[in-house]
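Visitor: Sequence:
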Amino acid sequence: MRTVVLFIVFFIHMSLFGAVEAKIKPADMRVISNAFYGEDIDKINYKDAKMAMDIWLKKMADKLGASSTLSFFTDFDAVKEAKKAGKVDTLILSANSYLKYLPYCKSEFSQGWMKLEKDGKPFFRFVILRRKKLEPKEEYIVDYYKYAKISKLVAQMYAWQHGLKFVFEDVPKSSKPVLDLFFHKADFAIVKEETWDLMQELNPQLAQELLVAYKSDRIFMDIITLFSNQLSQKDKDIYIKAIEAINTTPDGKQLMELFKFNGLTKMGEDQFKEMERFYQHYKELKAQHEK
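The opening position of the sequence shown corresponds to residue -1 in this note's numbering, with each subsequent residue numbered one higher.
Take the hints with a grain of salt, since some may be wrong.
Result set (DSS-like, lysine-lysine): computed pairs, CA atoms no more than 25 Å apart in a straight line [said to hold, decoys possible]:
(1) Lys85 / Lys232
(2) Lys130 / Lys98
(3) Lys284 / Lys264
(4) Lys150 / Lys183
(5) Lys271 / Lys284
(6) Lys163 / Lys130
(7) Lys213 / Lys147
(8) Lys234 / Lys119
(9) Lys183 / Lys130
(10) Lys171 / Lys150
(11) Lys104 / Lys150
(12) Lys98 / Lys232
(13) Lys232 / Lys264
(14) Lys213 / Lys239
Quick list of the computed label-pair ranges, beta carbon to beta carbon [stated by the list, open to error]:
(15) Lys271 / Gln203: 38 to 46 Å
(16) Ser105 / Glu167: 31 to 39 Å
(17) Arg123 / Pro202: 20 to 28 Å
(18) Lys130 / Lys78: 46 to 54 Å
(19) Asp268 / Gln159: 20 to 28 Å
None of these hints come from the bench; they were simulated from the model. Idealized CB from N, CA, C, for every residue including glycine.
With the hints as extra help, turn the sequences into a complete structure.
Guide: Below you can see the structure in the form of C-alpha cells.
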C-alpha cells in the first residue's frame, strides 16, 4: 500500500475493535457503519485499501460475533446521502475536509478522536522553510505533502500576510518538500515540524542551507473520526473504551510502533473551537486579499 493515510485508518479501526474484544459480548454489539472520506484517493490505492480492509474487518467480525462495515467516498454529497439513509455511524476524514464541510459536520456529528503525535501531545505544528538566500520573484513555488492539505492553508495565510504569491505543488512523500527545496526544485517548503527536526538531525547540511521562515500555531487535526449524532451512547462507549486501551493490546502497540505515535485521545470541544478559530482567520485573510 502506497498511501500511508489509508493504512493508518485501517490499523486504527483494527485496533479499536480488537481492544475491546474481551469485554464486549457479541450480542451487545450491532453493525457499525464506518465511512472514510478522501477526495483525492486515486483509483489504485482505493482498490488496494478496500481489499485489505475488507479482509481484516471480516476477521474482526468473526472474533466478535458481529459485523462492521467500512466504505470509501470521494464525493461528499454521497456521504450526505449515506448518512441520510442511516449508513454512516462514524466519519473518518482529514482536517482540511472537516473545515471545508464544517457546518454540516457540526450539525450531523459530535465528539471525535484523534491520534497523539510522537511527542505524546495531541497537536502538531507546521514549519515553512526557505533557503537562506531568497531571490526576489513575482511568484514562488511551494511544495507540500499531498495528504496534508491543511498545510496549504497555513502556507497561503503566510503568503497573504507577507505580500507573496505562492504557486503550490503537491508531492507524494512527506519528506520530499524539504528535498525539493534543498535541490532548488522549489522556493519554499511546508512540512510538519517533526519531519523537519528528523531530517536535519539525519542530514545536518540541510540546516546549513535552509531556515525556518515561519512556525504555525497548534494544529489539532490530521485524520480524525467523528461520531454520528444518531450513534447510540453504547456504541460510542465501545470506541471510547478502545481508545483508552489501545496501548494495552498487541494490535494497538503494533499501530503505535508502526506509525510512531503515542496513542489515541478523545477530541474535546476546546480542540474543535481552536481549529474553527484557525479557519475563521483563514477566511478573514482570504476576504481581505480578494478585495
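Visitor: Would you mind marking each hint as holding or not holding in the structure?
Guide: Verification of the supplied hints:
no. : hint                        : in the structure
1   : Lys85 / Lys232              : 17 Å, holds
2   : Lys130 / Lys98              : 34 Å, violated
3   : Lys284 / Lys264             : 31 Å, violated
4   : Lys150 / Lys183             : 18 Å, holds
5   : Lys271 / Lys284             : 20 Å, holds
6   : Lys163 / Lys130             : 19 Å, holds
7   : Lys213 / Lys147             : 16 Å, holds
8   : Lys234 / Lys119             : 23 Å, holds
9   : Lys183 / Lys130             : 15 Å, holds
10  : Lys171 / Lys150             : 15 Å, holds
11  : Lys104 / Lys150             : 23 Å, holds
12  : Lys98 / Lys232              : 30 Å, violated
13  : Lys232 / Lys264             : 16 Å, holds
14  : Lys213 / Lys239             : 35 Å, violated
15  : Lys271 / Gln203: 38 to 46 Å : 41 Å, holds
16  : Ser105 / Glu167: 31 to 39 Å : 35 Å, holds
17  : Arg123 / Pro202: 20 to 28 Å : 21 Å, holds
18  : Lys130 / Lys78: 46 to 54 Å  : 48 Å, holds
19  : Asp268 / Gln159: 20 to 28 Å : 25 Å, holds
Hints 2, 3, 12, 14 from the list above are not met by this structure, while the remaining hints are.
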